[in-house]
Structures are given as structure tokens and as C-alpha cells.
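> Each chain, written out:
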Amino acid sequence: MSAIEIVLWVAVPYVSIIAFIAGHIWRYRYDKFGWTTRSSQTYENTLLRWGSPMFHLGILMVLAGHVVGLFIPREWLYAIGITEEMYHWGATVMGSFAAVLTLAGLAILIYRRRTVGPVFLATTVMDKVMYVFLALTLGFGTLATVVHQVFGSGFQYRETISPWLRSIFGFQPQPELMANVPILFELHVLSALALFALWPFTRLVHVFSAPVGYLFRPYVVYRSRDDVQGTRAPKRGWDPISTPDPQRLRRP
Amino acid sequence: MTQTEPRRRTAPATDGPLAEALVGMSRFVRRGDVSEDLRALFLKGGREGDVFYRDRWSHDKVVRSTHGVNCTGSCSWKVYVKDGIITWEAQQTDYPSVGPDSPEYEPRGCPRGAAFSWYTYSPTRVRYPYIRETLARHYRAAKAQHGDPVEAWASVVDDPEISRAYKRARGKGGLVRTTWDEALEIAAAAHVHTIKRYGPDRIAGFSPIPAMSMVSHGAGSRFMSLIGGSMLSFYDWYADLPVASPQVFGDQTDVPESADWWNSSYLMMWGSNVPVTRTPDAHFMTEARYRGQKVITVSPDYTDNTKFADEWVAPHPGTDGALAFAMGHVILKEFLVDRQTERFVDYLRRYSDAPYLVALEQRGEQLVPGKFVTASDLGGEAAAAPRADFKTVLLDQQGSPVVPNGSLGHRFTPEDEGRWNLDLGTTVPPLSVADVPDWDGASAEIALPRFDLAPEPGQEHAGGSGVLLRGVPTMEVAGRTVTTVFDLMLAQYGVARAGLPGSWPSGYDDAEAPGTPAWQQELTSVPAEQVIRIGREFADNAEQSGGRSMILMGAGTNHWFHSDTIYRTFLALTTMTGCQGVNGGGWAHYVGQEKVRPLTGYSQYATAADWNRPARLAIGTAFWYLASEQWRYDGLPADQLASPLARGTFAGRTTADCLVESTKRGWMPSFPTFSRNPLDLCDEAEAAGKEPAQHIVDSLTDGSLHYAVEDPGAPENFPRVISMWRANVLGSSGKGNEYFLKHLLGTDAAVRAEESGPGERPRDMVWREEAASGKLDLLMTADFRMTSTTLFSDLVFPAATWYEKYDLSSTDMHPFIHSFNPAINPPWQTKTDFDLFGELAKRFSELCEGHLGVRRDVVAAPLQHDTPDVMATPHGRVPEGAPLVPGVTMPKLIVVERDYPALYDRWRSLGPLTEQLGMTTKAITYRPDEEIEALGHSNGVHPSGRVAGRVRLDSDKRACEMILAFSGTSNGRLAVQGFRQLEQRTGQRIAHLAEDHEGSRITFADVQQQPRSVITSPEWSGSEHGGRRYTAFAINVEHLKPWHTLTGRQHFYLDHDWMEELGENLPIYRPPLDMHRLFGDAKIGHVGEATGPGAGQAEVAVRYLTPHSKWSIHSEYQDNLFMLSLSRGGPTIWMSPQDAGKVGVRDNDWIESYNRNGVVVARAIVSHRMPEGTVFMYHAKDRTIDVPIAETSGKRGGIHNSLTRILLKPSHLIGGYAQLAWAFNYLGPTGNQRDEVTTIRRRSQEVEY
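Residue numbers (my numbering), protein chains in the order written: chain V, 1 to 252; chain C, 1 to 1249.
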């Protein structure tokens, strides 16, 4: 177990997780009004209408695949009758489809961002950094899948990477599990960790405020007043006023 | 029995089944109640987020203020303050009502005004006093050596190397923070030294438009007037003064308020882009359209107001005179000759000079119109009456000459008291000699000039002028062959009548004959049919509505060299159709207009007339022309402007020589006046035992004394100290910006012109081989933002903004006076202008001990309008070789005592002259005795010291109270008092216009509460009596009060010698100056190839106009972040796609635009709005935003005025004759700039800063 492996597979993941969690807390506290997708829809719509749904649908499928592959022990799947072969076939086919969708969407979005003047002008440095790591993560992941799962013999990440990741979350890190992982998977993991560390400082925070509720919510929302005068906390020395008793307004 | 139980009583209000299912599902799991139609969700609590938004719009106080200096809108604003910070502003809505049947004034305000509060905390805010480091270093060293600040200053400016060094550093950065103490010390020392060494008239102050903050302007002007410095005029310098107004009406500019547009039923917007430049008032125009008003726009480009118009007339730039002239032709022919419209004829008889007699003169081979016939020509009893030279003559219905009431000769003579009125009695004067019953059919062929021709080949130097021969009916009166002005007008306009000699147009379609609609089409490109239709409609509407046809005119037509002629053709239309003095009719000119409604009180305060009279008030254009040495480059030959029928007075002379003559004759003021210190002249006179006036006359005669105007390059004649406040000459109004930089300031400049060659130089001025450079010792500026002017100033004082002081505002757009109030105290180290000049005065008084005591000063005051001075030149005949008589053939020489040590005390108290001499405005003298007494109680009096017992004027609010108390518009007692005097003079009943307000006073507390309607006062010519809308000249028309002109009527005809020389006796079309012919500029439309920088690039020559911008006029400047964001930001030039195509320019490309005056770098805005051959660079582009280094000069800079320069027109310099006489901002040469031509090429797109 070399020091470098300890750093890469123990230190880096925890640093990334801490940056991710602490960063979000910090961002939420200090930059509430900057918590935004930085939508550029007003500047350009034609390309966005294709690129954005493709990318977002794709990435959601990718997310789902990763949850199944990384967080559900394969024994559990065996238990419900999903064999190794079925899993492998399903993961590769559906994963490739999702990857194509995501990458095509991302390509459209990056092309749009670079070529449409107003959109490019509205692009921050942080956006550009984020695009680099997002593209790297997706690229390595796709490459690893293509090289090892589609054309290769198939790499059993559910014996290595998945338990390693679960060990991180269980605070019992097992870096040795990562010892013989192919380089493409390693790069995919590392770029993803970097992306997670950057996450709170980019527009990606919108993941946590995606307006999913809109789908299920009536258009108009009424909120009642709290039981205080106005919207500010009552100050000392100010008596509350109340509606006069209607009975007292009448002559007896 | 079946029972149906619907699940819901109402249908779901969702997008469809899917949404319905989703929302319907969620209602079982989410908090709160969902309405049955699935439309609304009801939650308990959760409103914490509201706090932020409630706080966002909460505030601590609202303060009334407005926008100062330049905005004629004069809108009252609510300024919001929160936690001691100015947060935003909103329009006030509490203007007094206009009354029923009309839209109201409120709310007033435009997006520019709403963006003003940005300046309070802007990055360009001047927060501390600044001084240029080079100057500070040398001054501090000198101070350490000399101890005395005045001597220290003298040693700095006297050392050629040091003064060269700090002057060369101007505009190149190096401003460092200093203390108020040091800055005031240096400023005061410079003033003391200059007065002592060179004379007080070597000090000048510039601050424009007092109406929009009277005390801020007046405080500095009062300081200048007490030390003897000169205040420079601005209205003429801005070229906003329509010279035609003095020429025609004898009035500066008097126009209707904007609510009167509503009363008009035919409105022409001519060169005035109302929605852009009069935004808060434009609604009256759009509303009047719903009342059936027809709206015409005349504009060469597709302006914003065009979209409101029923018709768009698009003449070539600068040809508006031809357009109006042709309309006049149609109206004269159809409404006054073919059919004599009763209303028009009656109006012209009573209110115009049309029926007055003009004698014909033989000039060479030809007969030309000469002088007005006056009583002195008639002989006998009439000629023996006083001032018979100024009593003009008309015919009665029998054809006998009559001297009617109301001419200038009746205005000032005691014998004619009660006869200065427009009452013609039983006389019904014929408009034409031909209308006289026993006219014998005599006629004469007269020669009239024309200027519309292209020069003959080989005759380019003489320009395109020619002679027309046309006939007029004549008769003999007192041995002279005479005709009427109306007959001359018909001849001039080419309206033929049977039996008259001469050549006449064959009809409207005769394109060869000047005056016809077809003729104008050749010049303007406007279809003849359109001109005929509009002319006809304009007059027809005037006839049917009783004069409610209006022309709203503006900078687009008023900033040309020959704008006086353009405007006279407009005013001819409104006068010949009887529209002047009628609500809803007449002219409406607003550009740069400033109506200080409380005029009398303001003038007392600002000119320090309570302490000494007269103040030195200069004509701005001529001052800058000489100060910036532009005369060395100009060389505009005056005879090139002259009529082919001229006597030759201008032969061999330049327009600069005309300025010299005008100065020497006392027509126009000129400061510095003489080649020596006026204080020393008084001392010399005393030593010689003579009166100063006599001493000066003797010295001028023996040649030992000269006028400074004859040698502006001599060091003793330099202006030495200039103070600017509320002003930005170097970023806004400084025509010939590069000449200013080079000669006045002595720093880097991009002047490209050669100086005039030996044959082209002024005849009457001293030519020095080496041009003066760095003439100015001190340029000090007070401003709240960094401008081009502050960047070049030696001292910069941090000023309070308009939301940080007390002051007064009024305008001609509405009839209210309202107030400025401080929303916050001036922040950082800023001070109000009032406080600045108070402290400067105090320091001045301290420093002058040992240098200046009580001195006598001799002021050379010009012959002034509205005084008997205007009768100095009978018949407008300019005498040759007349002896020097101050006040007649030369300026008045008036000795003024200056108590310099007491200056500060005088500045802050009311002096004795107001009570002793009264206050004279437009020849009416007001006696504010009761008001002085009352002010003593309300303002208080000084308890001790030099001015013990005198009324205190030591705070801005007290000065406001004084202005309001001393003016008829704000004090009914004075208004009535003035009207009673006018009643005596005119013999007409007028005072009832103000009598119902005799007890009314408007105080400062009143205007703090609400804008207040003014009281009708003889200070102005209109009436607000009974809540009517103000329109100019209502008093003249309804109460027969004469205009302040020669005949007492509106003038079509001007008979001054110089007007004859220029061929401008009558309204006439003069095209824009041919800059190619006169100065060798490029020809418009010429496409060539650049030489020098950018060699090989295609370049195109175009007309260069600098109109008012949507994003910086008038309450706002272009550097405001909001305005930069709304517009493209930075320097831009608007081009037509055609011109851009010729030189390969695409929208937003960087271009360079240059001519002989300089160069400017800008980005091109290529727009179909622009006509081919013309470009716009909006006015007032400062060098503070995005100004790169020019390829052409290698220097930074270039602003809109780098391509312009000053051109003087001799007719603006006439004085001492009837309405053609000087008064401050009433008459003077204009700083016109529309005739310029520039060459444009695409430059390297890599710009460096």
C-alpha cells in the first residue's frame, strides 16, 4: 500500500466529500441569491431546446445506473434473480444509451456556449472549469465502459470500486480494493471526485433546487400570515393590536 | 332512485389529464389545502422570505428635489433616503392642476432623471479637493520660500519653466488629493494676484442655465460680480439662443408652456425631437392627437418623434429655411394675395411691421430696400418730436403717412408717456401701397439677393449668390420712394401680382424661381406637393381656429451658422398666420431655454446689483474664440457672407474684424476690455486729474491704450483665471476642443489645421508670429463627477449633487417654481456651490490685505437692450469716423468702487443699491422697500461688523427667500407695481392680470411643500391670469403692449446696415456653409483613399452633426452606468448603411473621424435611421468613457467637439440699435457647429488606451 494510494483512495475522497458538504452549506448561507442555474435561455433557445433535455435526461439515467452499480451490493440483486450476466448486459446497453444521450447533449450545450455570442459573454470562469471536469468525468466513464465493458472482457467493478466506495461512506476505507482497477476507471473516479469538490462553487448547485415540486403543485400558492404583527418579530414595548370585539361596538 | 355524487363541483383548472393526475395525487401527501379546482394551494405561515422584499422598498424619508443645471424639464422628484443613503427617486405628482379640459402636468420625469441618484455614490464622484501634483509641488515650495500665498502664486506663474511644466501636465493625470484649506488658499491667491497684476476682467466665471438652480449659479456669479470678474454667457455660446428671436420679437426667447401644446390643433415639430429631449412634456403632444391635432415632423433622420407624426417631412440637413420659405410663399399667395384672409390681414396690421414704410435706395445701378421711414423723415411737427428718428411711419387708409403709437421712439421719452402702445386708433393701415385708394400705379423694380445658387466655375471664392429683380408698388412720401414691408415680403417670397415689373415665378412648379415649392424641392428633396399641402393646412387651420397653429422648433434647426435666417422663415409663418400671442399657436423653442421665472430677484442676487452696477457680463462665444486663439485659424472672410448688393463694408475683413468693430462700438461686451488693468486706469486718471472715462477716451485716441480684442495673443490680455461650476466646457460645449487644449491650456492637442496665411488674417488684429499657448494660469472647477473639464483643471473642488442642497428651479416648460432640498448632507468633503463661493470669498478677503484695498474699477459696458442706449444708431446707419462718445459710439465707461477687504461681508449681505436705485428688468423698475423690511425680519440682519443691520444672505435658503421676495412672478405686490408702471407708459389697462394676486407671496417654505404656480408679471410677456396656460406675447396681443422692437411690432424687416450687407433684411434661405469652398474641407459625399495613418483605407466625407442624445440629456450624463447600459455605451457615431458601405464599415467597427479641427475615435452604429451623407455623434461625449488613442494624432482623445470650431456670424454682433442690442444671453454670436464636415474611415480594430 503506497502512500500515493492512501492519498488517492482515502484522503482525496474525504476531502472531496467535505468540500462538497461544507461548500454547499457555505454557499447557501452566503450566496442565496446566487444559487441559480444561471440560465441562458433568454439569450438562445433553439439549440438549448435539444441540448438541455438530452443532457439532463441522459445524466439522470447515468445517475440511476451509478446508484444501482455502486450502492447496491450484487448479492442483493442476485437475491432477486438478477444474474451477473443480466446485470452486465443491462448496464452496458442502457449505460451506453445514456452515455450517448448525455454526451451528445453536452456537445450541443458546449458548442452553443462557445458559438453564441451572448451566451459566451454570460459564461464565467467557474462555468468553464466546471465544463472541463464534467466533460472529463463523462468522457473517462464512457471510455472505460467502451474499452472494458463493450469491447473488453468486462471489468468487475462491483467487486472493487463499489465496495471501496461503500467503505468510504462506512468510514472503514479499504483503499486496497482499488489496487488493480484499470487506469480509465481510476481517472473516471478521480475526475468525478474533483467535480464533486467544485460542485458547490458552480451552477451545479441547482441540482438541489430543481423545481421538481412544480410538477405536483397547484399554480397559486397562498401563505397565511404568521401570528405576529407584520412580518417582523414583535419589538419590546410595542403592544399588539387586535381586532376590536364587534360586540363592544354595538350599543347594548 | 339514482344518485350521482360528483367528485368535484368544479372542473380542474390544469393543463390536462397528466397535470391533473400529478397535482391530484400530491394533494394527499403535501401540507396545506388544495382548492377543488386544483388551482390554488393554501399554506399556513412561511412568509419569512417577505422580509427581504419589504426591506428593499422601505425607507426612512422622502425629500423633494430636482435635477439642476441643464434640464429644462424641471421636474419635481421624490428622493428616497434609507439609513442615511440615497436609494432611489420617483416622480412627484403634486403639481397644481392645469384645470378642467386639459391633461395635467403630473407625473413628470424621465428615465434619465430616475437614474440620477447613481451619481451620489458613483465611482466618478469627486469626493475630495484635488490639485495637479506638479502645481502642488511648486506652489508648496514657493509658499515655503515666500510665506505669503499671493506672492507664492505670483512666483509660480511668473516662472516660465514652472508655469510651462504644470500647464503641459494638464489632462495627463496627476491629480492628487489636497485639503480644502490649501485649495481655497491657492484659488484665492490666484484671484488676488490676477486682479492686482492684470485686472479683475482677466478673471472669468462660467456656469450655465441659472433657472435650474438659481442660488448655486448666483452664489458664484455674485462672487465674480463683486470682484469685477466677468460672467460668460451660455445661451448664445450653446447656440441654443435663436438670434431670430431678438431680431423679430426683441425678446430673448419667450415661448408657451408645454400644456399649451394641447391647445394647438396643428403642430409641426421642426428639428425638435420631443419624446427624447422633452420627455416629461411629450405626453401633451400625444394626448392632443386624440383631440384631433395634426402632427407634422420635420427631420432629416427617422427620429423618435416621427412615429407620432401624421406626416414626416425629411429635408436635407440645414435646408429647413428653403422649406419654410416655400410654405411662406404658398401662404402669402393663397391667404394674403389671391384671397385676403381677414384675420391674417388684421393681425399683420396691428402686430407686425408689415404695413410700415421702407424707403427705396439707389445702390449702383439698382434700387434696393433701404431704411424704415421715420417721423424725422417727414419733416415739420412730426420731425420735431423727441426721438423722431425712432418713430416709424405707416400709411392710413387714405394713403397719408401716419406716425402710430408704440414705436421705440415712444418708449423712453417723457413726452410720450401713455403712447407706447399698439393702439392704431382710427387708422387702418393698408398692408400694401397698392391697397391705397388713390395709388397711381407707380412701381419700382428692386434688386434682392439670393444665396441658393451653386458658384459659377472660377467664382468659387465668391460663393453662390446672385440677384433677383422683382417689382413693388411705390409711392412718394416726404421726397422718398417708399413701399411697405408687406410689399417687400411679397417680392422676396416671389408672390406675383399683376402689373408689377421684375421676374416672377410662373407658378408653384417653377423650379428656377426662389420661393416656389418646386424650387425648394431641388434644395431639400421634399416633394413640392407636400410643401403646398402643409403650408395650406397650416394657414387654413390658423384661420379656422383663430391662430392655433404651432411650430415646435429646436436644436436640429437652431445650431447652424445661418440659423437666424432659418428661424426667421419659421417665425414669418407663425406671424403671417396670426398665431403669435395666441394660446395653442406660435413658435415654441425650448433647446437650452431657461426661464428664470423669478428673474428680477435672481438678477439682483447673481450680479450683486445690490452692491455695484453694472456687472461684467460677457458674450461666451467671442470670449472663447479669442481665449482659445481660434481666430488665428478661422480667417472666415466677412465679405464671403455678404450680399452681392452689399456696399462693401465687409470687404477685406474677416468675421474676427467684425468682432473687433462690434467691441469698439460698444455693441457687444468684451472682457478683458483694454490692454491695461482697469484698476490702474482709474489710478492713472486720478494721477492725471481726469475722470477715468475721459482718460480712457484720450488714451484710445492717442494710441497709448488699445482694446484687448485687438491683440488677444498679448500676455497682458490673456484671461488668467477661469472658474467653472455646474459646467463642463471641455466635455460638452467647447466648440473647437483641440484649440482650447492647445492655446488656452497649453497641453497636448490634435489640432490639424494650419493657421491663416498672410492674406487671410484679420485686418484689425495684431498677428504675433508665435501663437500664445497656455494662456490660463488657473482653471478651477467644482463638480460632483469627473468630467473632461475636471481632468484638465488645476484645482478640482468636490461639489454637492442636486440632492444635497437647497435651491430653486423654474422652467418655461411649466409655470411652477419648486425647490431643491438636501436628501442627505453633502457626503465626504463635498460642499454646495454656495458654500464653496462663500469660503472662497472669505479667503479672498483675508488674502487681499496688503495687496488690494478699496479700489476704483472702470467697467466698459455695452449699449444695452431695453434701455435708451438702443437709440445710439438712428436708422441702423453705422457712422464712420464719429468721435468717441462713451455710451453712443463706444462702450459706456462706468466707474465702480470695489471694496476688496469687505468682499466677503458684501457677498453675504444685501447691499444698499436695491433700495436706493430699485431693480430694473426690461425697463421696468421695481421698488422692493416693503420686501427689504420684511426680509430683515425673516432672514434676520447681521448683528455687527461692516454690514451690521444689513439683511443676511449667508445661507442658501436665505438667498432663495431673497430671490422669491424680489420678483414679480413670486410676489404679487411687485407684479402689480410693475404693471402699474407699464400702464403709465402704455396707457393701457394691464395691472388686472396680477391684481388678484397682489397679496400673494411665494416663499421658500411654500415651494418646499409643493411646486407653486407663478404670478403673471411684466417680467414676461404671457399671462397665467385666471389659470390660463402661458403663451408668449399674450400681453402684447391682448393688451396692446408693444414688442421691444423698433416699430414695437414683430419684425419681418431689419434695416441695420450690417443686415443689408449680409442680404438679410428679410427672411431668406441661406444654405449651410460650404466648408469645402471656405476652408478646403472635403466635399460631402467624396469617397477617397486615406493617406497617412490608415493609408489605403477608403474614406468618405459626410456632414457631421452633434445632436442631443437619448441617453444623456439633460438631467443626466453619458457616463451614468444605467445610461451606458441602455445605450451602446462609449463614443459612437451613427452612420447610414450607404455611407458605411462605401468605406467597408460594419456595425460596431471602430472608426476614425477627422477634419482640420481634430480627430475622434468611435464605434460605428450603422442604422437605417440615418440619411446618406450625414453622421451623428451625440453631444457631450466626455473623454472619461472608453476613449482610445487615435491613429491619426497618436494622442488619446477626441470628443464630439474635436471636430468643430467657433464661427462668428456678423449679424449676431450688431448692437446699439433697437432690438439689435446686447443683453446677457439675449444677443451675441452663437457657438454654432452644424455646418461641419468630417471624413470617416475604418481604423485598426485593435484599440489602445
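Certain hints may be false.
Restraint ranges, calculated between C-beta atoms of paired labels, are given here [claimed, not checked]:
{"hint": "1", "chain 1": "V", "residue 1": "211", "chain 2": "C", "residue 2": "180", "range": "55 to 65 Å"}
{"hint": "2", "chain 1": "V", "residue 1": "42", "chain 2": "C", "residue 2": "1122", "range": "18 to 28 Å"}
{"hint": "3", "chain 1": "C", "residue 1": "48", "chain 2": "V", "residue 2": "211", "range": "14 to 24 Å"}
{"hint": "4", "chain 1": "C", "residue 1": "828", "chain 2": "V", "residue 2": "7", "range": "51 to 61 Å"}
{"hint": "5", "chain 1": "C", "residue 1": "1003", "chain 2": "V", "residue 2": "211", "range": "53 to 63 Å"}
{"hint": "6", "chain 1": "V", "residue 1": "71", "chain 2": "C", "residue 2": "17", "range": "34 to 44 Å"}
{"hint": "7", "chain 1": "C", "residue 1": "828", "chain 2": "V", "residue 2": "211", "range": "39 to 49 Å"}
{"hint": "8", "chain 1": "C", "residue 1": "179", "chain 2": "V", "residue 2": "114", "range": "46 to 56 Å"}
{"hint": "9", "chain 1": "V", "residue 1": "211", "chain 2": "C", "residue 2": "291", "range": "42 to 52 Å"}
Each computed EDC-like pair below joins lysine to aspartate or glutamate, with the alpha-carbon atoms no more than 16 Å apart [what the hints assert, rightly or not]:
{"hint": "10", "chain 1": "C", "residue 1": "1142", "chain 2": "C", "residue 2": "1172"}
{"hint": "11", "chain 1": "C", "residue 1": "82", "chain 2": "C", "residue 2": "48"}
{"hint": "12", "chain 1": "C", "residue 1": "957", "chain 2": "C", "residue 2": "846"}
{"hint": "13", "chain 1": "C", "residue 1": "44", "chain 2": "V", "residue 2": "186"}
{"hint": "14", "chain 1": "C", "residue 1": "196", "chain 2": "C", "residue 2": "846"}
{"hint": "15", "chain 1": "C", "residue 1": "1110", "chain 2": "C", "residue 2": "301"}
{"hint": "16", "chain 1": "V", "residue 1": "32", "chain 2": "C", "residue 2": "50"}
{"hint": "17", "chain 1": "C", "residue 1": "842", "chain 2": "C", "residue 2": "905"}
{"hint": "18", "chain 1": "V", "residue 1": "32", "chain 2": "C", "residue 2": "48"}
Derived by calculation from the structure, the hints in this document are not laboratory data.
Glycine included, each C-beta is placed from N, C-alpha and C at the ideal position.
> Decide, hint by hint, whether the structure agrees.
We went through each hint and held it up to the structure:
1. V:211 with C:180: 55 to 65 Å: Cβ of residue 211 of chain V to Cβ of residue 180 of chain C: about 57 Å, so the range 55 to 65 Å holds.
2. V:42 with C:1122: 18 to 28 Å: Check passed, 20 Å falls within 18 to 28 Å.
3. C:48 with V:211: 14 to 24 Å: 20 Å, holds
4. C:828 with V:7: 51 to 61 Å: Distance hint for residue 828 of chain C, residue 7 of chain V holds at roughly 54 Å.
5. C:1003 with V:211: 53 to 63 Å: 59 Å, holds
6. V:71 with C:17: 34 to 44 Å: 35 Å, holds
7. C:828 with V:211: 39 to 49 Å: 46 Å, holds
8. C:179 with V:114: 46 to 56 Å: 54 Å, holds
9. V:211 with C:291: 42 to 52 Å: 51 Å, holds
10. C:1142 with C:1172: Roughly 11 Å separates the two Cα atoms, so the pair holds.
11. C:82 with C:48: 22 Å, violated
12. C:957 with C:846: 25 Å, violated
13. C:44 with V:186: 50 Å, violated
14. C:196 with C:846: Distance of about 15 Å is within 16 Å: holds.
15. C:1110 with C:301: Between residue 1110 of chain C and residue 301 of chain C the Cα gap is close to 14 Å, so the pair holds against 16 Å.
16. V:32 with C:50: With a Cα-Cα distance of about 15 Å, the restraint between residue 32 of chain V and residue 50 of chain C holds, given a limit of 16 Å.
17. C:842 with C:905: 8 Å, holds
18. V:32 with C:48: Judged against 16 Å, a Cα distance of about 14 Å means the pair holds.
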